[in-house]
Amino acid sequence: KNEVEQSPQNLTAQEGEFITINCSYSVGISALHWLQQHPGGGIVSLFMLSSGKKKHGRLIATINIQEKHSSLHITASHPRDSAVYICASQRKKTGANNLFFGTGTRLTVIP
Amino acid sequence: EPEVTQTPSHQVTQMGQEVILRCVPISNHLYFYWYRQILGQKVEFLVSFYNNEISEKSEIFDDQFSVERPDGSNFTLKIRSTKLEDSAMYFCATQDSRNTEAFFGQGTRLTVV
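Protein chains in written order, with the working numbering: chain A, 155 to 265; chain B, 799 to 911.
Next comes chain A alone, as it looks inside the complex:
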């Protein structure tokens, strides 16, 4: 069964803090996605990675394929980073590869 687990479920941080959100998945994947969901509900793709590490601005995503684990880091967190961060796995298979979603981590950054 394809499961994606995230931790923590909720996270409150002071502005400027370094944030880490963790994601574990249960089956082999072709890619791991990190997504951001805003309070209005819209979903934005942050990263798609299949190995190693990616960086975009203050955001860094890493993945360890052997351990089936990925992390999302936010450096110098800011109140505008407050959102739900979702990890989603994409399986190896032919045809369209749908995403399997974690339950999300609700991040609140306090000024």
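FYI, nobody ran anything at the bench for these hints, they're computed from the structure. This structure is a prediction, so every number in the text was calculated from the model and none was measured. Among the clues, some could well be false.
Under the rule of at most 27 Å between Cα atoms (straight-line distance), these lysine-lysine pairs were calculated in the DSS-like manner [to be verified]: (1) B:K881 x B:K840; (2) B:K855 x B:K840; (3) B:K855 x A:K246; (4) A:K222 x A:K209; (5) B:K840 x A:K222; (6) B:K840 x A:K208; (7) B:K855 x A:K207; (8) B:K881 x A:K246; (9) B:K855 x A:K222.
Which bits of chain B does chain A cover? Going by a derived footprint, with three or more residues having C-beta under 8 Å, they are [unchecked claim]: (10) 843–855; (11) 896–909.
From the three backbone atoms N, C-alpha and C, an ideal C-beta is built for every residue, glycine too.
We have chain A; now place chain B onto it with these hints.
Just chain B now, kept in the frame of chain A:
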């Protein structure tokens, strides 16, 4: 920046009515998906569509649901005889190939009363 467009943004419908949710994918994308998110829950896969046919569907996607790409651009999700438990946010997502970044629409919030 290319974007996926969904309409309507909100829809309220009476139980038993049919609704059609519309999505305009990014023009060169080949893979299309519908997902839904019941309030307070995680996003769930409904159906994937590739090469003008359903590629895979979840257990949720029963005979009540159908998808089509009627004019080669719009991608629609039809829900027949809506039930209260169909109330959710429905997201369309597209990819240009299998293992690339997924682009999501802003969602349609469906409320069945």
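Each hint tested on the structure:
no. : hint            : verdict
1   : B:K881 x B:K840 : holds (20 Å)
2   : B:K855 x B:K840 : holds (17 Å)
3   : B:K855 x A:K246 : holds (16 Å)
4   : A:K222 x A:K209 : holds (20 Å)
5   : B:K840 x A:K222 : holds (20 Å)
6   : B:K840 x A:K208 : holds (25 Å)
7   : B:K855 x A:K207 : violated (32 Å)
8   : B:K881 x A:K246 : violated (34 Å)
9   : B:K855 x A:K222 : holds (25 Å)
10  : 843–855         : holds (count 6)
11  : 896–909         : holds (count 10)
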